[in-house]
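Top to bottom, those sequences are chains H and F.
Sequential numbering of the first sequence, starting at 1, is according to the numbering used here.
Sequential numbering of the second sequence, starting at 214, is according to the numbering used here.
Take the hints with a grain of salt, since some may be wrong.
[Unchecked claim] Dumping the calculated DSSO-like pairs for lysine-lysine here, alpha-carbon to alpha-carbon at most 30 Å:
#, chain 1, residue 1, chain 2, residue 2
1, H, K36, F, K370
2, F, K370, H, K99
3, F, K277, H, K160
4, H, K126, H, K99
5, F, K370, H, K160
6, H, K60, F, K277
7, F, K370, H, K126
8, H, K126, F, K383
9, F, K277, H, K99
Simulated from the structure, these hints should not be mistaken for lab results.
In case you want the letters, here they are:
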Amino acid sequence: MRQLLLAWMVVASISAQTGPFGAFTAANDIGAPPLKGSAQFDPATRQYRVTGTGADIWAKADQFHYLWREMSGNFSVIATTEFLTDGNPHRKASIMLRKTLDADAAFLHLAIHGDGMPSVQFRSTKADTTNTLDFPIEGPGTFTLKLVREGATVTVFVAKGRASLRELGHTTNQLGSPVLVGLGVASHSTEALNTVLFSNVSVNQLPAPAATR
Amino acid sequence: MSRLGPRFVLVCMLSVSVSAQGGNLGIFATSGDVGSPANAGSTQFDAATNQYRITGSGANIWAKQDQFQFVWRELTGDFIATATLRFLGEGNEHRKAGIMVRQSLATDATYADVVIHGSGMPGLQWRSRQGEDTNTFDLPIDGPGTFALKMVRTGVKTYLYVGREGAAPKEIVHTEVAMTGPVLVGLFVCAHDAARSETVIFSDVSVEARPAAMARPQ
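Okay, chain F solo, but in the shape it has when bound (with noise of 0.2 Å):
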């Protein structure tokens, strides 16, 4: 490192902030788990396919309490954040995964994800302050499979669409979720079963800022 000089690292740093690529977590900075699940989760990005390969266990994302793997990254404002994701294996009906902001790593912080149940039921889920319960919508169940989802952060209003199976993500719902200051973003897997690990293999990957004089007027 010390033979690449400091101009290599502030370039590194620049790629991370502006687009994908960068570190061993692709566009993200830290991978870890939320909630002190038992069995330890784990994040792999493989630069030559852009995938993410993040396996978490877990015994749900929520009521008052979660446990799941996260990678993240900060940031502050309005953002636009993709991801297409299809679970390996099997496991329980209601695992999860998706695409998550977060206030902070608490088990309980106030958040709001987009998310693919293991059923293959999409669902926009958010705990509107900390230590509160989780609030879910769950939509239609097309089955199991790959799922293209796309989360829209414009001030508080946090927008779910999906697609399935090579569609292009629709936009389904919006609910309204206040957070302050820097918030994570990232992708997320959870188990729903504190005995077990899943898988989730993550393609199209972005999360692009956006100023908030783009917000959309409502």
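Isolated chain H, as found in the complex (with noise of 0.2 Å):
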């Protein structure tokens, strides 16, 4: 037995693409939402299908499910969301960057939310209240998200439907390295499940910056 648990352990370790995550190692509620949430990774489509519970990812503290991996680094991250189940306008799926699995912890995230309001939000230390950029809105819908960190600077960028992704704009973060980088979703309700498609994933790791500029 210990033997199975050791050779599935260097297994998920060494092709984490293909274990039960796909791209990612492991998914959790964050902030004990009354109501379990859950992630399922189909490999023949490749698709990721999140459902989140909990009253926010906002203020200091969140509560929604988090489908993550650890990196270090640069990298760059994209998702098209496909908000299977009604609810809150404000209900929530993001890809994040978050420092540890705390309810309070310091993050950043790149969110589209029920009505299609793409946000840039972020807490920058643990226990501080959450900072929001919302961007107008174009109404609900399919959205592809992707988020760039560089140094600490992360570059985000959108598209609705099948529109070209479009850079919104850059800020900056003092997340560091190693972080948790994946996928989250919130009902901004805890009473209400909220399950999101994500589809087309892809987490790549990006080359050191070249010399200071």
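Dock chain one against chain two, each of which comes alone in its own frame, and use the hints as you go.
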């Protein structure tokens, strides 16, 4: 039994792409929401079906479901999001960078709300309040999100439907390395579940920056 | 002054508070340097052209400490402010000019601004609470030029609108920054270099206070 466990751990660590969570290593409810979330990876379609619940990702503590892996240095993440359930207009699906699994951990995410509002939100230091940047709403739909981290700079891109990715801009963060990188889903209600289908997900390590500018 | 009598003074005060024009700082009440930069800044209002010529020095408006030239008026509640600006001369690519709402004149005060950098990079920057680090969101750069800026403040929400080279300002993004009671609203210039001074021309400047009832639902 121990041998089997060890073998499974080795396989999981060396081939995350084919593990139970695809490109990610684990899935957790953050902030102990009263309902249970879940994450399923379909190797055939390479899609992730993530169900999250919880009051929100906001203020000084978060409740949501998080599918994550650990990374260091520079990287980019792309995901196409589709809300499969109705619910609060401010339910969220996001690409999230997070320092730890604590409910009040420092984080930064590129989120799409249920009503179609893209946002960049961050908690700069543990237990601090959340900052938000909210972009004009084009209405609900399928959105492709892209987040690129290079050094302390995080650049975000969004596309609605089949449109090309458009750069919204960039901000700075001090999350450092290692950092958790993944997909987050919150229902903005402790009594509701929110299911989001993530497709065309890619997580790519980028080379360290060349000489400083 | 005494020859004109109190009624004339009252009329002047009313016109300052309700619309443009007025004293030698146009629609604003006061100008000064925040954060004691080594080189003094200045603000001149040209009543003939309705333009403000603002010269500012200062290391930066960033992190936990700001240095810049500010011309402001006090108001309470929601407002819309506009300004069209262009930098004169050359300087640090991150020299800054724009519209700021600020809780106080302290160097580390809570604030939010809509800013154009010398490189032409627009941004929305804010310090959530006095003494904290600045937050920023910077937009893609189309290059230097003349920019029309608009800041809309509705409750804690602070909106950035930008238009470049004659385009009408377009809503880009908003953030939330809580302030209390009266706030200072005005124009700012920072050289991003304590040894330099930069001059910016502002035109089409307006500040319109709005009743809180007009707040946009969200």
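Structure versus earlier hints, numbers of those that do not hold, lowest first = 1, 3 and 8
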